[in-house]
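2 protein chains.
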Amino acid sequence: MKSQSESKLRCKMEIAKTPKPPYYAVIFTSLLENQNDGSYSQMAERMEELARKEDGFLGMESARNEVGITVSYWRDLASIKKWKDNIEHQEAQNLGRNKWYKNYKVRIAKVERDYGY
Amino acid sequence: MKSQSESKLRCKMEIAKTPKPPYYAVIFTSLLENQNDGSYSQMAERMEELARKEDGFLGMESARNEVGITVSYWRDLASIKKWKDNIEHQEAQNLGRNKWYKNYKVRIAKVERDYGY
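Protein chains in written order, with this note's numbering: chain Z, 1 to 117; chain E, 1001 to 1117.
Simulated from the structure, these hints should not be mistaken for laboratory data. Please note that the accuracy of each hint is not assured.
Said to hold, decoys possible - Lysine-lysine pairs mimicking DSS-like chemistry, simulated, CA-CA at most 30 Å apart:
1. K110/Z to K53/Z
2. K1020/E to K1105/E
3. K20/Z to K53/Z
4. K1017/E to K110/Z
5. K1105/E to K110/Z
6. K17/Z to K84/Z
7. K1020/E to K110/Z
8. K20/Z to K1082/E
9. K110/Z to K1053/E
10. K82/Z to K17/Z
Said to hold, decoys possible - Computed list of chain Z residues with no C-beta within reach of chain E, every gap over 10 Å:
11. N36
12. R46
13. E48
14. E54
15. A78
16. Q90
Just so we're clear, the structure is a prediction, and the values are computed from it rather than from any experiment. Note that CB positions come from ideal geometry on N, CA and C, so glycine has one too.
Given only the sequences and the hints, what does the whole structure look like? Please build it.
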């Protein structure tokens, strides 16, 4: 059964309003372990809340079915590094590797062009 | 109610097995119109099937709640351009703009670094 916070997490309705490129994207893809006590989605919400406060944060998009994809957008590599080194985020990363993720992949990419409406 | 093909589309269980960077990512984010007769998910499956046959295609990850995120990975900008110009894909893009998408955004990004397991 989905927890309430998990449902909330799964219902984000925004496409990130990013500035004109270039800027950076962190593409985070994960498969969760089958056993999940709901602590994952609480952490994910908390991490989003924290990320939004970081200098250089430009936006975030997130969806999960079996695979979860979270793309966060950043002004530059320095702001990505600073967020990666955030103490609370470090703890979440450790928990992720040790407890939540069956597999995960982080890709750091420079957005060169965008279009759409 | 979800159609069967839509459910299938929403249950992809793979993290793309991409080569060592650099390579390219196309981050496609969309919000669908509320009225959806199921033709969207059929088209999405067909597009994935076609993309996988393209020269330079490296992998694809997809998830949808309210926001849908599809990230496809490509060898270089030339292979992305070729896929964008594929006739059947062009038709799908037109239908998307005219019928399915409330909003969408395409971001073309060069993956510089990745990690994970």
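**OP:** Run the structure past the numbered hints and jot down the numbers of the failing ones, going up.
**Re:** Of the numbered hints, all hold.
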